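Spelled out from the first residue to the last, the chains are:
Protein chains: 2
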Amino acid sequence: MKGLTWQKTTTGVWHSKAGEPSSLSPLAWMKQEPKQEALQRLGEAELPFDLEEVRLDRVGKMLLLSFPLTETEAIYGTGLQFMRMNQRGRTKYLRVNSDPKQDTGETHAPVPFFVTDRGYGVLIDTSRIVTVHCGSTVHIEDNRREAVLDRNTDKGWKATPLSSRIEVRLPDEGANIYVFSGPSVASVVSRYNLFCGGGTLPPKWGLGFWHRVPKLYSDKEAVAEAQEFRERGIPCDVIGLEPGWHSRSYPVTYEWARERFADPAGFVRELAEQGFQVNLWEHPYVSPDAEIYEPLKPLSGSHAVWGGLAPDYTLEDAQALYVNQHEEEHVRIGVSGYKLDECDGSELTNNSWMFPAHASFPSGTDGEQMRQMYGLLFQKMTTDLYRKHNRRTYGLVRASNAAASTLPYVLYSDLYDHKQFVRAMCNASFSGILWTPEVRKAGSSEEWVRRMQAVCFSPMAMLNAWGDGTKPWSFPEVEPIIRHYIELRMRLLPYLYTAFARYRFEGLPPFRAMPMAFDNATEYRAAAALKSLGEGEVLNTTDAAYGKQKVREWDDQFLMGDDLLVAPVFAGEHERDVLLPPGVWYGFETGERFEGGRIVHVQAPLERIPIFVREGAVIPTMPVRPRAPKAGEQTPLEWLHFGTVPGRGMLYDDDGVSFDYERGNSVWQRAEVRAGADGALECVIEEETAGANTASSYSSTTWKLGLTKLG
Amino acid sequence: MKGLTWQKTTTGVWHSKAGEPSSLSPLAWMKQEPKQEALQRLGEAELPFDLEEVRLDRVGKMLLLSFPLTETEAIYGTGLQFMRMNQRGRTKYLRVNSDPKQDTGETHAPVPFFVTDRGYGVLIDTSRIVTVHCGSTVHIEDNRREAVLDRNTDKGWKATPLSSRIEVRLPDEGANIYVFSGPSVASVVSRYNLFCGGGTLPPKWGLGFWHRVPKLYSDKEAVAEAQEFRERGIPCDVIGLEPGWHSRSYPVTYEWARERFADPAGFVRELAEQGFQVNLWEHPYVSPDAEIYEPLKPLSGSHAVWGGLAPDYTLEDAQALYVNQHEEEHVRIGVSGYKLDECDGSELTNNSWMFPAHASFPSGTDGEQMRQMYGLLFQKMTTDLYRKHNRRTYGLVRASNAAASTLPYVLYSDLYDHKQFVRAMCNASFSGILWTPEVRKAGSSEEWVRRMQAVCFSPMAMLNAWGDGTKPWSFPEVEPIIRHYIELRMRLLPYLYTAFARYRFEGLPPFRAMPMAFDNATEYRAAAALKSLGEGEVLNTTDAAYGKQKVREWDDQFLMGDDLLVAPVFAGEHERDVLLPPGVWYGFETGERFEGGRIVHVQAPLERIPIFVREGAVIPTMPVRPRAPKAGEQTPLEWLHFGTVPGRGMLYDDDGVSFDYERGNSVWQRAEVRAGADGALECVIEEETAGANTASSYSSTTWKLGLTKLG
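Those protein sequence lines, which keep their order, are chains V and L.
FYI, the working numbering numbers position 467 of the first sequence as 680, with every residue one higher than the one before it.
FYI, the working numbering numbers position 462 of the second sequence as 675, with every residue one higher than the one before it.
For the record, the hints were derived by calculation from the structure and aren't laboratory data.
This structure is a prediction, so every number in the text was calculated from the model and none was measured.
Copies of the same chain are indistinguishable here, so a pair counts whether it falls within one copy or spans any two.
Below are the DSBU-like pairs computed for lysine-lysine, each with C-alpha atoms no more than 35 Å apart in a straight line:
id : residue 1 : residue 2
1  : Lys221    : Lys244
2  : Lys368    : Lys314
3  : Lys843    : Lys433
4  : Lys314    : Lys632
5  : Lys684    : Lys371
6  : Lys314    : Lys428
7  : Lys371    : Lys314
8  : Lys654    : Lys632
9  : Lys433    : Lys368
10 : Lys274    : Lys230
11 : Lys314    : Lys654
12 : Lys368    : Lys510
13 : Lys274    : Lys244
14 : Lys368    : Lys654
15 : Lys371    : Lys510
16 : Lys221    : Lys274
17 : Lys654    : Lys371
18 : Lys632    : Lys371
19 : Lys314    : Lys274
20 : Lys433    : Lys371
21 : Lys368    : Lys428
22 : Lys922    : Lys632
23 : Lys371    : Lys428
Given only the sequences and the hints, what does the whole structure look like? Please build it.
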């Protein structure tokens, strides 16, 4: 069939169109302008192949897009995947599914964007399902007879022989296709995020500690639980309410249950006075008891969910009903945001928890499209609502898709495997989405510690006690450890906020999987093949990681910002291998010195999650506080420099709550540590940019130089 | 859109066509004539609704067929489902999948045929995927406000509110639709099987005991293991060879591995002399080392599987290459049949174990169709090959679809949950397919016994030791129990063979789920609501089966033939509830008398699987033998009559190996037990029909009257 026609749309991004795609798609819906200046700063980069090598074929009604694939190429992304990081050899069926227990590609956020370590990425912009065959298919003409082994007698037999193409099954109607150049994995991902409008910048309070109270708590119970955080001196910024705040739920009304919340405005005000934000759980399906039910009914889909309406929020009239109700009942009284649940139901595994694919909606959208888009629709409606009030929001969502980089929402799941949770953090970073390995409960104090340690180094540090009533002090014997890490998160807030600013303005994710910590695949593979031997250790050449053993994916550790590397430990483990990028690293809390560019082995007693800091890093920190600073509130700033060599750190600041930063009301500071006249290190703070009306959040600035561990 | 036009095609069967379906479909491919005479004997029956109530709607490109659904209606079928029996409230996505670990509808044999206890059935005849929403969808106009409860506070809350339609998503291109009347569930299923050509009648040896040897066994090892059965006096009819008999496997050659089988013909002959049939494992993907590779290559699909060809067996030339090779290398030397593995791979969960949906085949068939049809293609090719030689075959297959009733193949799986295995037996009986809960291994002698007991009451009593090397005597402490049940199966062979004859000629499955053991849903529900109380037992009205407790499905027991009810017990259990159809029943091995039409409770010590026999039943049996009788071989026959009332039993017989029975060479006998002149019971044997050339298999006939348990 006729080949594809490519057009360069911006720096390092090419576009083509296959078939006649529906006008409803993530990119089209989000309407975000690419961050052109930042894209230009990222610069041009060539694709690793000629676009002529991209093929479009038709098999019956099916449209097949394919890309060349080299022998060792790794493939990352395709959204919130739980089962593996390198998708090479797998087929990813990218359908929204709330219950992704098998490695089919289905997930809460099946983003049809992938990036390979050859240094390019591909976005399929569509509201329909895409299937990406990541080298899992072999054309018969590629068959190499010498590679066809006998499964019974040849130990080298593999189910997946070498494939020479990535094959993408597009929706039959077609799709818009975007190809992104690198050269590195990190630059491909940054380019994708900038193309989608840049990453999200949460309000400062969003990066504090979150606590969700049990589902049927009353106003008094919620206030009492919040107060206990203050009494115990454990930082907390957000109290989340679960289904019981609705007058009816499953389906929901979005109206307050007056028997539990007699005075919603007073409740929100009381918590605000103690420095807490309120976040409200909801889902899309509108109860017949809701005031907006009758007006929404003609604007809703053909099928009910639990007896509730599934509104067609591609329609402006439907949006207006939802937005006005939310504005009046929640936003006006100070509610800070939402937890958007159940927008990811699967008609197959959780029957009746979602409308079917054949549901029809008044706009002409069908159920398949609406399911793929529903999470995006809710995120965008609520984000725009807060933006109208010049307030930033930060919330939770159960479904997402492509072009979500700008959205201030963090994904979560009812699945609860801790290793999968950490892997999902790594994988989210390839796809312009955020993920929280929220803590709900634990079978032991050890598991509790390991989960709480990890969540403190994630986009949302949250204890979700909706079903279990747990609290940070639920395991008293380990409470000091929990407290320590919640406090450490608070201390690192200036650093973490700056990492999010880089996401916002440069597209670089604040949490990054290991392939994004290396300049290229060669460097990554070289480090992953080098293992430091501890005292007394002997290299096991029979089944070491680089021997016959299954190749380790390093999907259980990640960068937080540029200079901290976090390597979570799971219940039952007390030591682990860590892959360090090149250079010298220090144990952030131990001071132990490591040569990077290789695998190192560290001890991890229960009280410690292994964190590493890059030599030369200059980390902005602040004192522990009960909650994040409000706009205009001031706190001391302390820069921490590690090691014996010069370096630099960056600090971003603004009012922390509004969009005034978009009008220049923000500041970037650079802390430059260099050898002074006497040869000793000294620190110089330089303001790189500062808006006229930027009130500094920092009352004083100090620094510590030459640290080997956190002071 | 335009409604459907219905035509009556035969007694109690109506046809309509939606859209413009592909000419490739299960019914079209199988080319079986409906058994018209038997359908007429089954008689006319009205549908429980007017065909005008069946609707066809279009949502975008999607075609939706829907049927009225009453409040309490149960829905059975949709093929080899493992997770539940009544599919009401579930959505079944009927795609072939080798790894059906979640309840999505995907399975080895996703038959798009369902039957409801309102007394009708529906077949969607298509080579594509069908999705059946079994009351899992609720249209907004059906929403009943009073039924919309609060999940948090109303205990009666249900995820799936009452639905008023069964919605079937057809392939976008359309499909042929057949509706079958009842009036009972059993008569709907019989009608479906007769419409598809009648059930299969295996050779007698197929109903003996099967043993598959480890995958790399040589000829000598296989012969030695077979001899051990004879030495130990444990009946066995079939020895199965696993991958190692191929010169190459994964992909395969279909050629003997000469290093393990130097003289295949001699090997098969040697086993035949000892009364063993040989069955050969294979799969569809042809190795480059196979002689038929080069000629098959232009007749194969676009994609390789493990480096092998996926031939397009919708093409006669491709069939001829496969059939000729098999005829020459296997059938000619006496091989009795095949185990057709790996024709059910899923591109999603087992990547690369199947060609993708977008694969293209020379006939114009695409990968989606070929995957749905592949199991049928292999079953039909091999069945026709044996028929050409006037020999019956009986084998194993991993994938099937609709219109498979005539095929002499039994499904199996790599999944291994024992309860699911028994449930699959029940579910298979609704869909014109057979299933074996084969035994592979066990974690304890208790599990071993429970699995071996159950498999002896199934369409194929098989120990599959390919991976584990187990043997019937692997757990010596329980060997007598194993031996007892293998022997009991042999004793019951005349009864079981007759049950299969009813399947062949009347469409009634030899193994039947409980809804087929009752005349109608009212009778079934009444029995399931009645529980006999044992001595000292008190009715628990709080959470008894008919109280708030989850409704028990009775998917763990079944009829074998008309008069035996088998209720397997699973490791860890030593007693169980059993649902008995109306009438009086006896414990087949205990003699305990039960009033049926209710739930009874029985003890099940390890040495006993609960079996029940209907009062008045007359069961034909024969003495234990090392193997099933060959054609013309004679054995004594003994009729066993149970209870104190008159009754009757049937016996079918023929040569047991050929298709001569289709030309009248068969006999039906009726054993009539009635009150004689003196009031005592007496037995009269009547030949109902007998072909001219039917040599009797039975050297003598005796009977026992008034038994209460197996003598």
